[in-house]
Amino acid sequence: MKVALHLNDGVHFSASTESGHRFEIDGSGAVGGQDKGARPMEMVLGALAGCSAIDVMSTLRKMKQNVSDCRIEVTGERAGQIPAVFSDIQLDFAVFGNNLDQKKVQRAVKLSVEKYCSVGKMLESTARISHTTTVHPDPSHRE
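Heads up, our numbering is the position in the sequence shown plus 91, with the first residue counted as 1.
Just so you know, not all the hints are guaranteed correct.
[What the hints assert, rightly or not] Derived lysine to aspartate or glutamate pairs resembling EDC-like cross-links, with alpha carbons at most 20 Å apart: (1) K127 - E115; (2) K155 - D192; (3) K195 - D183; (4) K195 - D229; (5) K212 - D183; (6) K201 - E215; (7) K194 - D146; (8) K206 - D179; (9) K153 - D192; (10) K212 - E168; (11) K212 - E133; (12) K194 - D229.
Read the hints as simulated data drawn from the structure, not as lab findings.
Let the sequences and hints guide you as you build the complete structure.
Laid out in C-alpha coordinates, this is it:
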(Lines of atoms letter the chains of each structure in order from A and count residues from 1; the text may use other names and numbers.)
(Lines give C-alpha, C1' and ligand atoms only; values in the text may rest on other atoms or scores of the structure.)
Protein backbone atom coordinates (compact mmCIF):
# COMPACT_ATOMS: atom_id res chain seq x y z
CA MET A 1 0.00 0.00 0.00
CA LYS A 2 1.33 3.43 -0.88
CA VAL A 3 0.28 7.10 -0.62
CA ALA A 4 2.29 9.97 -2.10
CA LEU A 5 2.04 13.60 -0.91
CA HIS A 6 3.05 16.71 -2.74
CA LEU A 7 3.33 20.19 -1.22
CA ASN A 8 1.06 22.85 -2.70
CA ASP A 9 1.78 25.77 -0.36
CA GLY A 10 2.17 26.42 3.36
CA VAL A 11 1.22 23.08 4.92
CA HIS A 12 -1.36 22.18 2.25
CA PHE A 13 -0.61 18.87 0.51
CA SER A 14 -2.29 16.92 -2.27
CA ALA A 15 -2.19 13.18 -1.77
CA SER A 16 -2.65 10.37 -4.24
CA THR A 17 -3.13 6.72 -3.45
CA GLU A 18 -1.84 3.63 -5.17
CA SER A 19 -5.48 2.80 -5.98
CA GLY A 20 -5.82 6.04 -7.96
CA HIS A 21 -7.65 8.33 -5.54
CA ARG A 22 -6.76 11.88 -4.50
CA PHE A 23 -7.39 13.94 -1.39
CA GLU A 24 -6.25 17.16 0.26
CA ILE A 25 -4.51 17.56 3.62
CA ASP A 26 -3.93 20.83 5.48
CA GLY A 27 -2.96 21.84 8.98
CA SER A 28 -4.68 24.13 11.43
CA GLY A 29 -4.23 27.88 11.23
CA ALA A 30 -1.85 27.65 14.19
CA VAL A 31 0.71 25.86 12.01
CA GLY A 32 0.06 27.83 8.82
CA GLY A 33 -2.90 25.89 7.45
CA GLN A 34 -5.47 27.62 5.25
CA ASP A 35 -8.40 25.18 5.54
CA LYS A 36 -7.76 23.69 2.09
CA GLY A 37 -8.03 20.08 3.23
CA ALA A 38 -8.79 17.77 6.09
CA ARG A 39 -6.47 17.74 9.06
CA PRO A 40 -4.51 14.52 9.54
CA MET A 41 -6.21 13.59 12.83
CA GLU A 42 -9.64 14.15 11.25
CA MET A 43 -8.57 11.71 8.58
CA VAL A 44 -7.63 9.17 11.24
CA LEU A 45 -11.16 9.36 12.66
CA GLY A 46 -12.56 9.11 9.13
CA ALA A 47 -10.39 6.08 8.45
CA LEU A 48 -11.68 4.41 11.61
CA ALA A 49 -15.31 5.12 10.71
CA GLY A 50 -14.78 4.01 7.11
CA CYS A 51 -13.00 0.80 8.06
CA SER A 52 -15.70 -0.10 10.56
CA ALA A 53 -18.51 0.86 8.17
CA ILE A 54 -17.16 -1.48 5.49
CA ASP A 55 -16.88 -4.31 8.04
CA VAL A 56 -20.41 -3.70 9.34
CA MET A 57 -22.01 -3.57 5.89
CA SER A 58 -20.15 -6.68 4.73
CA THR A 59 -21.22 -8.59 7.84
CA LEU A 60 -24.85 -7.43 7.63
CA ARG A 61 -25.07 -8.50 3.98
CA LYS A 62 -23.80 -11.96 4.97
CA MET A 63 -26.50 -11.97 7.68
CA LYS A 64 -29.11 -11.21 4.98
CA GLN A 65 -30.02 -7.84 6.49
CA ASN A 66 -31.46 -5.31 4.04
CA VAL A 67 -29.77 -2.05 5.06
CA SER A 68 -30.85 1.13 3.26
CA ASP A 69 -28.44 3.48 5.05
CA CYS A 70 -25.63 3.36 7.58
CA ARG A 71 -24.40 6.51 9.27
CA ILE A 72 -21.49 6.79 11.66
CA GLU A 73 -20.48 9.77 13.72
CA VAL A 74 -17.09 9.49 15.35
CA THR A 75 -15.65 11.84 17.95
CA GLY A 76 -12.21 11.76 19.46
CA GLU A 77 -10.58 13.29 22.51
CA ARG A 78 -6.86 13.91 22.32
CA ALA A 79 -4.23 13.75 25.04
CA GLY A 80 -3.21 17.08 26.50
CA GLN A 81 0.50 16.65 25.78
CA ILE A 82 2.56 16.16 22.63
CA PRO A 83 2.17 13.82 20.86
CA ALA A 84 -1.56 14.56 21.19
CA VAL A 85 -2.74 11.04 20.35
CA PHE A 86 -6.37 10.05 20.73
CA SER A 87 -7.18 8.92 24.26
CA ASP A 88 -10.94 8.35 23.83
CA ILE A 89 -12.91 7.64 20.67
CA GLN A 90 -16.68 7.25 20.43
CA LEU A 91 -18.36 5.67 17.38
CA ASP A 92 -22.12 6.17 17.07
CA PHE A 93 -23.73 3.92 14.45
CA ALA A 94 -27.21 4.54 13.05
CA VAL A 95 -28.39 1.72 10.78
CA PHE A 96 -31.54 2.10 8.68
CA GLY A 97 -33.67 -0.54 7.00
CA ASN A 98 -36.95 -2.36 7.27
CA ASN A 99 -37.26 -5.56 9.26
CA LEU A 100 -33.71 -5.36 10.55
CA ASP A 101 -32.84 -7.75 13.34
CA GLN A 102 -31.51 -5.47 16.08
CA LYS A 103 -29.38 -8.24 17.61
CA LYS A 104 -27.70 -8.94 14.27
CA VAL A 105 -26.98 -5.25 13.71
CA GLN A 106 -25.52 -4.90 17.21
CA ARG A 107 -23.43 -8.05 16.69
CA ALA A 108 -22.08 -6.78 13.35
CA VAL A 109 -21.02 -3.49 14.95
CA LYS A 110 -19.48 -5.22 17.97
CA LEU A 111 -17.51 -7.62 15.75
CA SER A 112 -16.17 -4.74 13.70
CA VAL A 113 -15.20 -2.51 16.61
CA GLU A 114 -13.77 -5.27 18.80
CA LYS A 115 -12.29 -7.72 16.28
CA TYR A 116 -12.10 -6.87 12.58
CA CYS A 117 -11.37 -3.18 12.03
CA SER A 118 -7.64 -2.84 11.34
CA VAL A 119 -7.65 0.91 11.99
CA GLY A 120 -9.32 0.38 15.35
CA LYS A 121 -6.78 -2.27 16.28
CA MET A 122 -3.97 0.23 15.65
CA LEU A 123 -5.70 2.97 17.66
CA GLU A 124 -6.65 0.86 20.66
CA SER A 125 -3.09 0.93 21.98
CA THR A 126 -3.59 4.60 22.94
CA ALA A 127 -7.35 5.16 22.87
CA ARG A 128 -10.37 3.72 24.63
CA ILE A 129 -12.79 3.00 21.78
CA SER A 130 -16.50 2.76 22.60
CA HIS A 131 -19.60 2.58 20.47
CA THR A 132 -23.37 2.84 20.38
CA THR A 133 -25.76 1.33 17.87
CA THR A 134 -29.27 2.42 16.99
CA VAL A 135 -31.53 0.72 14.47
CA HIS A 136 -34.12 2.74 12.57
CA PRO A 137 -36.80 1.88 10.02
CA ASP A 138 -36.14 3.09 6.49
CA PRO A 139 -37.69 6.60 6.47
CA SER A 140 -38.50 6.39 2.75
CA HIS A 141 -40.46 3.13 3.11
CA ARG A 142 -44.21 3.48 3.45
CA GLU A 143 -46.57 0.60 4.07
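Taking the hints in turn, this is what the structure says about them:
no. : hint        : result
1   : K127 - E115 : holds (7 Å)
2   : K155 - D192 : holds (10 Å)
3   : K195 - D183 : holds (16 Å)
4   : K195 - D229 : holds (17 Å)
5   : K212 - D183 : holds (18 Å)
6   : K201 - E215 : holds (14 Å)
7   : K194 - D146 : holds (16 Å)
8   : K206 - D179 : holds (18 Å)
9   : K153 - D192 : holds (13 Å)
10  : K212 - E168 : holds (17 Å)
11  : K212 - E133 : holds (17 Å)
12  : K194 - D229 : holds (17 Å)
Checked against the numbered hints above, the structure breaks none of them.
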